[in-house]
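Work out the full structure: start from the sequences and follow the hints.
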Amino acid sequence: MSELSTAVDETSVSNPFARIVTVIISPSKAFADVKKSPGWWAPFVLASVVGLIYAYVLLHGVGLATLVDQAIHQSSRLESQMASATPEAAAKIRHQIEFNFKFAYVAPVISLLAGLMCAGIFLATANFGAGGRSTYAQMLGVWFYASLPITVYTLLIIAGVYTGAASDPFNINNAIGTNPGFYLTDSELPKTLIALLSSIDIFSIWTVALLAIGISTVAGIKRGAAWAIVLGWWLVYVLLFKVTAAAFG
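Here the sequence shown stands for residues 1 to 249, numbered as in UniProt numbering.
It should be emphasised that the hints constitute simulated quantities derived from the structure, not laboratory data.
Since the structure is predicted, the reported quantities are computational estimates derived from the model, not experimental observations.
Hints should not be assumed to be uniformly reliable.
[Unchecked claim] Under the rule of at most 27 Å between Cα atoms (straight-line distance), these lysine-lysine pairs were calculated in the BS3-like manner:
| # | residue 1 | residue 2 |
| --- | --- | --- |
| 1 | Lys222 | Lys102 |
| 2 | Lys222 | Lys35 |
| 3 | Lys242 | Lys191 |
| 4 | Lys102 | Lys92 |
| 5 | Lys242 | Lys36 |
| 6 | Lys29 | Lys222 |
Structural data, given as C-alpha coordinates:
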(Lines of atoms letter the chains of each structure in order from A and count residues from 1; the text may use other names and numbers.)
(Lines give C-alpha, C1' and ligand atoms only; values in the text may rest on other atoms or scores of the structure.)
Protein backbone atom coordinates (compact mmCIF):
# COMPACT_ATOMS: atom_id res chain seq x y z
CA MET A 1 0.00 0.00 0.00
CA SER A 2 2.82 2.41 0.87
CA GLU A 3 4.57 1.57 -2.42
CA LEU A 4 1.38 2.39 -4.33
CA SER A 5 1.04 5.71 -2.47
CA THR A 6 4.65 6.58 -3.25
CA ALA A 7 4.16 5.81 -6.93
CA VAL A 8 1.02 7.94 -7.12
CA ASP A 9 2.75 10.74 -5.23
CA GLU A 10 5.73 10.72 -7.59
CA THR A 11 3.44 10.77 -10.63
CA SER A 12 1.42 13.66 -9.27
CA VAL A 13 4.50 15.75 -8.64
CA SER A 14 6.00 15.18 -12.09
CA ASN A 15 2.72 16.27 -13.70
CA PRO A 16 3.25 19.97 -14.60
CA PHE A 17 -0.15 21.07 -13.31
CA ALA A 18 0.04 18.93 -10.16
CA ARG A 19 3.40 20.57 -9.54
CA ILE A 20 1.58 23.92 -9.28
CA VAL A 21 -0.20 22.66 -6.17
CA THR A 22 2.98 21.07 -4.82
CA VAL A 23 4.88 24.36 -5.07
CA ILE A 24 2.35 25.87 -2.68
CA ILE A 25 2.20 23.05 -0.13
CA SER A 26 5.70 21.54 -0.44
CA PRO A 27 8.05 23.83 -2.41
CA SER A 28 11.25 21.87 -1.72
CA LYS A 29 9.67 18.75 -3.17
CA ALA A 30 8.35 20.63 -6.20
CA PHE A 31 11.69 22.22 -7.04
CA ALA A 32 13.50 18.91 -6.61
CA ASP A 33 11.12 17.69 -9.30
CA VAL A 34 11.93 20.74 -11.45
CA LYS A 35 15.62 19.85 -11.15
CA LYS A 36 14.94 16.35 -12.48
CA SER A 37 12.37 17.35 -15.09
CA PRO A 38 12.56 21.05 -15.98
CA GLY A 39 9.42 22.61 -17.35
CA TRP A 40 7.79 26.00 -17.09
CA TRP A 41 4.87 26.13 -19.54
CA ALA A 42 2.14 25.08 -17.06
CA PRO A 43 2.54 28.03 -14.63
CA PHE A 44 3.13 30.36 -17.59
CA VAL A 45 -0.12 29.28 -19.29
CA LEU A 46 -2.01 29.66 -16.01
CA ALA A 47 -0.52 33.11 -15.39
CA SER A 48 -1.29 34.15 -18.98
CA VAL A 49 -4.94 33.16 -18.75
CA VAL A 50 -5.32 34.96 -15.42
CA GLY A 51 -3.45 37.96 -16.86
CA LEU A 52 -5.84 38.24 -19.80
CA ILE A 53 -8.84 38.05 -17.46
CA TYR A 54 -7.22 40.74 -15.32
CA ALA A 55 -6.73 42.95 -18.38
CA TYR A 56 -10.42 42.60 -19.24
CA VAL A 57 -11.45 43.41 -15.67
CA LEU A 58 -9.23 46.49 -15.66
CA LEU A 59 -10.56 47.88 -18.91
CA HIS A 60 -14.21 46.91 -18.52
CA GLY A 61 -14.74 46.38 -14.78
CA VAL A 62 -12.72 49.28 -13.41
CA GLY A 63 -12.94 51.32 -16.60
CA LEU A 64 -10.46 53.39 -18.58
CA ALA A 65 -11.69 56.69 -17.16
CA THR A 66 -11.01 55.58 -13.57
CA LEU A 67 -7.62 54.13 -14.49
CA VAL A 68 -6.57 57.34 -16.22
CA ASP A 69 -7.82 59.54 -13.38
CA GLN A 70 -5.83 57.51 -10.86
CA ALA A 71 -2.70 57.47 -13.02
CA ILE A 72 -2.81 61.27 -13.12
CA HIS A 73 -3.60 61.57 -9.41
CA GLN A 74 -0.65 59.35 -8.45
CA SER A 75 1.86 61.30 -10.54
CA SER A 76 2.79 64.82 -9.48
CA ARG A 77 4.36 65.28 -12.92
CA LEU A 78 1.13 64.42 -14.75
CA GLU A 79 -0.95 66.48 -12.34
CA SER A 80 1.25 69.48 -13.04
CA GLN A 81 1.01 68.95 -16.80
CA MET A 82 -2.77 68.62 -16.68
CA ALA A 83 -3.15 71.72 -14.52
CA SER A 84 -1.32 73.91 -17.03
CA ALA A 85 -2.51 72.21 -20.23
CA THR A 86 -5.06 73.55 -22.67
CA PRO A 87 -8.21 71.40 -23.11
CA GLU A 88 -6.78 69.98 -26.32
CA ALA A 89 -3.43 69.16 -24.70
CA ALA A 90 -5.15 67.63 -21.66
CA ALA A 91 -7.26 65.42 -23.93
CA LYS A 92 -4.11 64.32 -25.74
CA ILE A 93 -2.43 63.39 -22.44
CA ARG A 94 -5.46 61.35 -21.37
CA HIS A 95 -5.58 59.63 -24.76
CA GLN A 96 -1.91 58.61 -24.44
CA ILE A 97 -2.50 57.16 -20.96
CA GLU A 98 -5.56 55.27 -22.24
CA PHE A 99 -3.46 53.86 -25.08
CA ASN A 100 -0.87 52.63 -22.57
CA PHE A 101 -3.51 50.83 -20.50
CA LYS A 102 -4.83 49.03 -23.58
CA PHE A 103 -1.46 47.28 -23.76
CA ALA A 104 -2.62 45.24 -20.74
CA TYR A 105 -3.64 42.51 -23.18
CA VAL A 106 0.00 41.90 -24.16
CA ALA A 107 0.93 41.21 -20.53
CA PRO A 108 1.61 37.48 -21.23
CA VAL A 109 4.26 38.43 -23.80
CA ILE A 110 5.88 40.87 -21.39
CA SER A 111 5.74 38.23 -18.65
CA LEU A 112 7.47 35.71 -20.92
CA LEU A 113 10.24 38.12 -21.89
CA ALA A 114 10.75 39.13 -18.25
CA GLY A 115 10.93 35.48 -17.24
CA LEU A 116 13.51 34.66 -19.91
CA MET A 117 15.66 37.58 -18.76
CA CYS A 118 15.31 37.01 -15.01
CA ALA A 119 16.05 33.30 -15.33
CA GLY A 120 19.28 34.21 -17.12
CA ILE A 121 20.23 36.68 -14.40
CA PHE A 122 19.64 34.16 -11.62
CA LEU A 123 21.44 31.43 -13.58
CA ALA A 124 24.54 33.58 -14.01
CA THR A 125 24.49 34.77 -10.39
CA ALA A 126 23.98 31.30 -8.91
CA ASN A 127 26.46 29.49 -11.16
CA PHE A 128 29.25 32.04 -11.46
CA GLY A 129 28.71 33.95 -8.23
CA ALA A 130 27.91 31.10 -5.85
CA GLY A 131 29.46 28.08 -7.56
CA GLY A 132 26.14 26.48 -8.47
CA ARG A 133 25.48 23.95 -11.23
CA SER A 134 22.09 24.59 -12.76
CA THR A 135 20.84 24.80 -16.34
CA TYR A 136 18.86 27.55 -18.02
CA ALA A 137 15.87 25.22 -18.38
CA GLN A 138 15.93 24.48 -14.65
CA MET A 139 16.12 28.16 -13.78
CA LEU A 140 13.21 28.93 -16.11
CA GLY A 141 11.20 26.34 -14.22
CA VAL A 142 12.18 27.91 -10.91
CA TRP A 143 11.21 31.39 -12.11
CA PHE A 144 7.77 30.55 -13.45
CA TYR A 145 6.78 28.21 -10.61
CA ALA A 146 8.08 30.66 -8.01
CA SER A 147 6.01 33.40 -9.65
CA LEU A 148 2.75 31.60 -8.86
CA PRO A 149 2.05 33.85 -5.82
CA ILE A 150 1.75 36.75 -8.28
CA THR A 151 -0.97 34.78 -10.09
CA VAL A 152 -2.77 34.26 -6.78
CA TYR A 153 -2.40 37.98 -6.06
CA THR A 154 -3.90 38.83 -9.45
CA LEU A 155 -6.87 36.56 -8.79
CA LEU A 156 -7.44 38.34 -5.48
CA ILE A 157 -7.44 41.71 -7.24
CA ILE A 158 -10.00 40.43 -9.76
CA ALA A 159 -12.18 39.22 -6.91
CA GLY A 160 -11.63 42.48 -5.05
CA VAL A 161 -12.88 44.57 -7.97
CA TYR A 162 -16.22 42.75 -7.98
CA THR A 163 -16.62 42.38 -4.22
CA GLY A 164 -15.58 45.90 -3.30
CA ALA A 165 -12.47 44.74 -1.43
CA ALA A 166 -10.09 46.51 -3.82
CA SER A 167 -8.94 50.07 -3.20
CA ASP A 168 -11.53 52.76 -3.87
CA PRO A 169 -10.77 54.54 -6.09
CA PHE A 170 -8.89 51.71 -7.76
CA ASN A 171 -5.10 51.98 -7.48
CA ILE A 172 -3.49 49.77 -10.10
CA ASN A 173 -0.12 49.96 -8.34
CA ASN A 174 -1.48 48.87 -4.97
CA ALA A 175 -4.96 47.43 -5.35
CA ILE A 176 -5.43 45.35 -2.19
CA GLY A 177 -4.21 45.64 1.39
CA THR A 178 -1.42 43.08 1.46
CA ASN A 179 1.34 45.54 2.36
CA PRO A 180 1.86 48.53 4.72
CA GLY A 181 2.00 51.04 1.88
CA PHE A 182 -1.62 50.32 0.93
CA TYR A 183 -2.82 51.97 4.11
CA LEU A 184 -0.55 55.01 3.69
CA THR A 185 -1.33 55.93 0.08
CA ASP A 186 -3.05 59.22 0.92
CA SER A 187 -0.82 60.10 3.86
CA GLU A 188 1.70 62.95 3.99
CA LEU A 189 4.64 60.55 3.99
CA PRO A 190 7.14 60.82 1.10
CA LYS A 191 6.06 58.85 -1.95
CA THR A 192 9.42 57.09 -1.99
CA LEU A 193 8.83 55.72 1.52
CA ILE A 194 5.31 54.61 0.61
CA ALA A 195 6.69 52.88 -2.50
CA LEU A 196 9.30 51.09 -0.36
CA LEU A 197 6.68 49.99 2.18
CA SER A 198 4.38 48.86 -0.63
CA SER A 199 7.13 46.56 -1.87
CA ILE A 200 7.17 44.69 1.44
CA ASP A 201 4.15 42.70 0.37
CA ILE A 202 2.94 39.28 1.55
CA PHE A 203 3.01 37.94 -1.99
CA SER A 204 6.42 39.46 -2.74
CA ILE A 205 7.83 37.78 0.37
CA TRP A 206 6.23 34.49 -0.68
CA THR A 207 7.73 34.80 -4.17
CA VAL A 208 11.18 35.65 -2.79
CA ALA A 209 11.03 32.61 -0.49
CA LEU A 210 10.06 30.30 -3.36
CA LEU A 211 12.83 31.68 -5.56
CA ALA A 212 15.40 31.13 -2.79
CA ILE A 213 14.23 27.55 -2.23
CA GLY A 214 14.14 26.85 -5.96
CA ILE A 215 17.56 28.31 -6.74
CA SER A 216 19.13 26.53 -3.79
CA THR A 217 17.61 23.24 -4.92
CA VAL A 218 18.39 23.28 -8.65
CA ALA A 219 21.81 24.95 -8.35
CA GLY A 220 22.94 22.88 -5.38
CA ILE A 221 24.01 25.88 -3.31
CA LYS A 222 23.41 26.71 0.34
CA ARG A 223 20.02 28.14 1.21
CA GLY A 224 21.64 31.25 2.72
CA ALA A 225 23.50 31.97 -0.52
CA ALA A 226 20.28 31.60 -2.50
CA TRP A 227 18.49 34.00 -0.15
CA ALA A 228 21.32 36.53 -0.58
CA ILE A 229 21.06 36.28 -4.37
CA VAL A 230 17.29 36.72 -4.46
CA LEU A 231 17.15 39.48 -1.85
CA GLY A 232 19.98 41.33 -3.58
CA TRP A 233 18.23 41.38 -6.95
CA TRP A 234 14.87 42.11 -5.31
CA LEU A 235 16.39 45.18 -3.64
CA VAL A 236 17.82 46.34 -6.98
CA TYR A 237 14.38 45.94 -8.57
CA VAL A 238 12.62 47.84 -5.78
CA LEU A 239 15.09 50.73 -5.85
CA LEU A 240 15.16 51.05 -9.64
CA PHE A 241 11.53 50.43 -10.56
CA LYS A 242 9.56 51.35 -7.44
CA VAL A 243 11.39 53.93 -5.36
CA THR A 244 12.97 55.77 -8.30
CA ALA A 245 9.65 55.80 -10.17
CA ALA A 246 7.95 57.27 -7.10
CA ALA A 247 10.66 59.91 -6.77
CA PHE A 248 10.42 61.11 -10.37
CA GLY A 249 6.84 60.16 -11.24
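Structure-based check of each hint:
For a cut-off of 27 Å, the pair hint linking Lys222 to Lys102 is broken: about 43 Å separates their Cα positions. As the CA atoms of Lys222 and Lys35 are separated by approximately 15 Å, the hinted pair is consistent with the 27 Å bound. Taken as a hint, the Lys242 and Lys191 pair is honoured in the structure, with Cα atoms around 10 Å apart against an allowance of 27 Å. Using a Cα cut-off of 27 Å, the hinted pair Lys102 and Lys92 holds, with the two alpha carbons roughly 15 Å apart.
Distance check on the hinted pair: Lys242 and Lys36 sit about 36 Å apart at the alpha-carbon level, beyond 27 Å; violated. For the proposed pair Lys29 and Lys222, the alpha carbon gap of about 16 Å is at most 27 Å, so the pair holds.
Checked against the numbered hints given earlier, this structure breaks hints 1 and 5; the rest are met.
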